[in-house]
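J.: Chain X is already provided as a structure; the job is to place chain F on it using the hints.
Quick mapping for you: the protein sequence lines, in order, are chains X and F.
Each residue of the first sequence is one higher than the one before, counting from 1 in the working numbering.
Each residue of the second sequence is one higher than the one before, counting from 1001 in the working numbering.
A hint or two may mislead.
[Stated by the list, open to error] Below, a sample of chain F positions facing chain X; criterion: calculated Cβ distance under 10 Å:
hint	residue
1	Val1004
2	Ser1031
3	Ala1093
[Stated by the list, open to error] If you want the footprint, here are the derived chain F segments under chain X, 3+ residues with CB under 8 Å:
hint	region
4	1066 to 1076
5	1102 to 1111
[Claimed, not checked] A few chain X residues that face chain F, going by a derived Cβ cut-off under 7 Å, partial list only:
hint	residue
6	Lys26
7	Gly42
8	Leu43
9	Gly101
10	Phe104
Since the hints were derived computationally from the structure, they do not count as laboratory data.
All values reported here derive from a predicted model rather than from experimental measurement.
Cβ coordinates follow ideal geometry from the N, Cα and C atoms, glycine included.
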Amino acid sequence: SQQGEEDPQALSIQEGENATMNCSYKTSINNLQWYRQNSGRGLVHLILIRSNEREKHSGRLRVTLDTSKKSSSLLITASRAADTASYFCATDEYSGGGADGLTFGKGTHLIIQP
Amino acid sequence: DAGVIQSPRHEVTEMGQEVTLRCKPISGHNSLFWYRQTMMRGLELLIYFNNNVPIDDSGMPEDRFSAKMPNASFSTLKIQPSEPRDSAVYFCASSPRTGGYTFGSGTRLTVV
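Next up, chain X with everything else stripped away, as it sits in the complex (with noise of 0.2 Å):
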């Protein structure tokens, strides 16, 4: 079943603004991840946060997770046209005796317009 419930489901924007993306999810995570996936591509991780952080960042990539809420944010700055893809949230039971797979949200298409 799909947990992670990405909003909004498709997001335009102009390149150097920077895009905002959220997802909520239902059960306890033991991290969450992003991943890009550029169209008839596979999927590319981008930034992974544990239950116990609250905030991450990596080169332009923003992520916050609130557990009280079971909800995430990915925030990208100063957009360029190569950011245009789809992203996905993903949460990871995993509980130490191997790994439980990911529940993946149905994504945000982000559009970056030159």
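T.: For chain F alone, coordinates are given in the frame of chain X:
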């Protein structure tokens, strides 16, 4: 490191035919996952293996779907007989004991 390798990249087959998708995980990774991606349902976990043993196949849609992992470096997902509604992109991913996932580039299956 060549990453997770899936083959074929594209497969077009007629309804009723058997389809076999292949995956080579990253060497040393002990978990392997098969996902299906469709517009309607997004990314769904079909089945996963830990140490070559199937752990959870509750995501496999029907008995027409089967998966095997005969050794640590190879897995197959088979659909027999295939139907048009099986058309999707099928991803394989692998994970080491320490966690983290690496996805293959996927197999785009079209059943006509």
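J.: Next step is simple, just say for each hint if it's right about the structure.
T.: Hint check:
no.: 1; hint: Val1004; verdict: holds (9 Å)
no.: 2; hint: Ser1031; verdict: holds (4 Å)
no.: 3; hint: Ala1093; verdict: holds (8 Å)
no.: 4; hint: 1066 to 1076; verdict: violated (count 0)
no.: 5; hint: 1102 to 1111; verdict: holds (count 6)
no.: 6; hint: Lys26; verdict: violated (15 Å)
no.: 7; hint: Gly42; verdict: holds (4 Å)
no.: 8; hint: Leu43; verdict: holds (4 Å)
no.: 9; hint: Gly101; verdict: holds (4 Å)
no.: 10; hint: Phe104; verdict: holds (4 Å)
The structure fails hints 4 and 6 (numbered hints given earlier, in ascending order).
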